[in-house]
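A.B. asks: Here are the chains, one letter per residue:
Number of protein chains: 2
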Amino acid sequence: MRCEVIAIGTELLLGQIHDTNSAWIGEQLAMSGIDSLYQTKVGDNLERIVGAIELALSRSDAVITCGGLGPTQDDITRDAIAKVMGVKMQRRDDIGARIRQMFESRGREMPENNLRQADVPIGASVIEQMPGTAPGLLCPVTRPLLPDSNEKSSGEKVIYAVPGVPNEMKTMMLGTILGDLQQRSGVAGVIKSRVLKTWGHSESGLAEMLSDRINELDTLGNPTLAFQASGIEGLKVRITAKADSAKQAQAIITHEEALMRDILGRYIFAVDSETMESVIINLLKKRHQTLAIAEVASGGLVSARLTQTDGHHEVLSGTVVGTSAKVRAEVLGMSEADIGTRDAAAAMAIKVREKFDSDIGLSTTGVFDIDPDAKAAVGETYLGIATSSGVEVTEVKLPGDRKRVREFSVISLLNALRLVLQ
Amino acid sequence: MRCEVIAIGTELLLGQIHDTNSAWIGEQLAMSGIDSLYQTKVGDNLERIVGAIELALSRSDAVITCGGLGPTQDDITRDAIAKVMGVKMQRRDDIGARIRQMFESRGREMPENNLRQADVPIGASVIEQMPGTAPGLLCPVTRPLLPDSNEKSSGEKVIYAVPGVPNEMKTMMLGTILGDLQQRSGVAGVIKSRVLKTWGHSESGLAEMLSDRINELDTLGNPTLAFQASGIEGLKVRITAKADSAKQAQAIITHEEALMRDILGRYIFAVDSETMESVIINLLKKRHQTLAIAEVASGGLVSARLTQTDGHHEVLSGTVVGTSAKVRAEVLGMSEADIGTRDAAAAMAIKVREKFDSDIGLSTTGVFDIDPDAKAAVGETYLGIATSSGVEVTEVKLPGDRKRVREFSVISLLNALRLVLQ
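Protein chains in written order, with the numbering used here: chain H, 1 to 422; chain L, 1 to 422.
These aren't lab readings, by the way, just hints derived from the structure by calculation.
Certain hints may be false.
One copy or any two copies: either way a pair holds, since identical chains are not told apart in the list.
[Claimed, not checked] Under the rule of at most 30 Å between Cα atoms (straight-line distance), these lysine-lysine pairs were calculated in the DSS-like manner:
| id | residue 1 | residue 2 |
| --- | --- | --- |
| 1 | 403 | 286 |
| 2 | 285 | 236 |
| 3 | 285 | 326 |
| 4 | 242 | 403 |
| 5 | 397 | 192 |
| 6 | 326 | 355 |
| 7 | 83 | 285 |
| 8 | 236 | 403 |
| 9 | 170 | 326 |
| 10 | 170 | 242 |
| 11 | 403 | 170 |
| 12 | 326 | 286 |
| 13 | 397 | 170 |
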């Protein structure tokens, strides 16, 4: 089963908006066992969109178009798909009513041109999930494709059209499209999956730990496991199960997750849409504990990430970024020279915890703090965690430039905190 | 003149790495007056890379391939281009020596397979800029393209191959490729450009201010102006000049920049590769002044952005993120209720300046601080700047969710500070 992604919008080609949707869709397809060999960006031009879709359908079984479903004259993905299907458009009154009602529920009047969004190519169906005013479309294509090519008849292929707004796209992908693709790939029944996010091990390391189980599953064929390295989001393990009913599929996944947890243990930090930050904040809320942070190495990034997450205000006391020795002395009572070492990390964690009267104190300091122009191939960074029972310092050696060292040190620190809290 | 971009790498399709290069290249092409109608991602597969390049050359004048120039067996962009050109590869000893020397200067021995990077398709030339070990390639294509298509002869087209590492790619784009493309677009002489970054005005607002000059330039034809909205990087105005020599082109640009500065004045915050952060840090260094920050609304983001910039340690005293009332009271001596208002922003800026003994105090607080779950359509945020001559508070009303409000409030604050410093 092959599926291409076409991101539609002139602003994507001009670099005014970054297309993050294609990469996300590519990851989901990979984890569902569907190949995606090409991804294309094309502008708001009918002829070129039609050409891009026809080319994609000539070499793949399915196409996901992303964007161009809005109400304005620029939004021509619907028209392009109708042209590829060789059909006319039909205005769907039920969809129009749904859009109008969506405006009214927000106390706004619907501009009449929003009804363009209720136009559906004849033969296409509307995707059930509809978080915004743009309906997603599921469009079977049965006519012989690319009449000027050698391909005379291609069987049924499919075009999915989703809006470019990331959360609307994701809701439709997870709610309808991935399942539909898996059904079309010839698998009967229901397919469900769950993603376990891990931190602290390489892909080959995880595969080694799981090798016995992977061999067993190769024989069984169901469920399947897939790995995905995802930078500071960790290494993901996706369990995918097929069964006759959703309940049975969930049961298989729950059983497999338990096996994984036995083997991987505390490397697993989150499930599905959880993040390292949301896990930390939820653990702290459950324990009714508060957090104080003293950052040097990470310069405010730990705080910036945590404060972006819902619920942070209940558990986060505050942060001090002690760039200058004066501030470290003034706010934390630390000596001027104390920086960039294991002892400094310990002292900072203890002092910010006391000073901000919190249950837990965190700290970061490292080689870039002693020598801000360090071009070290390895960024040694010390991560301190102080609690009522003492202080613990983790040393991480991270490759790369300052930006990368900062980002990875933040996640390493939060992961170390998670292990303490769990 | 049309130029397509092909990003090469299976990891891009799988979403393991986000392709940010294509968007950047698209922006540069747009600002140089070159159309980019398609951008494609393709995996590390020789046949598919060759197909993607041939397709792109059949519909455009030039192609930029990005990635696949490394030393491993996966890196097959060189081979694909040789195949498209219909030529063999030649190992270039001078390039091999350059790569070997690059390793030695870092005290490392060169693995022999790095010599693969010295293989160059016959007829191609090596791009002069070479910040890493991967040489960029400039590959003229003269054979009739796509022999099975109707196109019998296409004149000379060109493939540029650049590494996927962003800074290497950018150095080659700015140093060679954009200029070469502009030359090929039929313009004799030298083309130079300069980007003025502005903040505080919409695209239509700027165009209105500049309308007289735009009309004059439409008649003159040289230099040209282009606008590019770039989110939190502001709205860019690119001046492009053509002349017989680089010196003349620079003179035209300098003259035009002076005119722009007369009209746009303090809306211009940076030039070319400067950022809002680097401008702020350089202004502070020049004035030998230090900065202390109290963030609530932005939760550490002002600090995280400034500390990512070279030279920040000379001017940044420190930051306190006062999420809890306790920390605001303890560190800044503020009353518990003081939050989310104009007065709170003023008090915080004054107090963090005093407390951290700095020349300037900054603060952010707003609607999300009073009600963290606010679903306000408009995020009212107050930005405080305290100096020896008093305190100034700017109110910004920013649309969007918490993430967007935070990001825009950071840039708005830094811009307000820049106006004070200048």
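A.B. asks: Confirm or reject each hint.
C.D. replies: Hint check:
In this assembly of identical chains, the alpha carbons of residue 403 and residue 286 lie at most 30 Å apart only when taken from different copies (25 Å versus 32 Å within one copy). For a Cα distance limit of 30 Å, the shortest separation of residue 285 from residue 236 inside one copy, 25 Å, qualifies, whereas the shortest one across copies, 44 Å, does not. In this homomeric assembly, residue 285 and residue 326 come within 30 Å of each other (Cα to Cα) only across copies, at 18 Å, whereas the closest approach inside a single copy is 33 Å. Taking identical chains as interchangeable, the C-alpha atoms of residue 242 and residue 403 are never at most 30 Å apart, the minima being 42 Å within one chain and 37 Å between chains.
Taking the shortest alpha-carbon separations for residue 397 and residue 192, neither the intra-copy value of 38 Å nor the inter-copy value of 43 Å comes in at or below 30 Å. In the homo-oligomer, the alpha carbons of residue 326 and residue 355 lie at most 30 Å apart both inside one protomer (16 Å) and across protomers (10 Å), since each shortest distance falls under that limit. For the homomeric pair residue 83 and residue 285, neither the shortest alpha-carbon distance inside one copy (53 Å) nor that between copies (60 Å) is at most 30 Å. Both within a single protomer and between protomers do residue 236 and residue 403 lie at most 30 Å apart by alpha-carbon distance, with minima of 23 Å and 25 Å respectively.
For a Cα distance limit of 30 Å, the shortest separation of residue 170 from residue 326 qualifies neither inside one copy, at 47 Å, nor across copies, at 39 Å. In this assembly of identical chains, the alpha carbons of residue 170 and residue 242 lie at most 30 Å apart only when taken from the same copy (22 Å versus 46 Å across copies). Taking identical chains as interchangeable, the C-alpha atoms of residue 403 and residue 170 lie at most 30 Å apart whether they share a chain (28 Å) or sit on different chains (18 Å). Proximity of residue 326 to residue 286 under the C-alpha cut-off of 30 Å is restricted to the inter-copy arrangement: shortest distance 21 Å between copies versus 36 Å within a copy.
Proximity of residue 397 and residue 170 under a CA criterion of 30 Å is satisfied inter-copy only: 29 Å between copies versus 35 Å inside one chain copy.
Checked against the numbered hints given earlier, the structure breaks hints 4, 5, 7 and 9 and satisfies all the rest.
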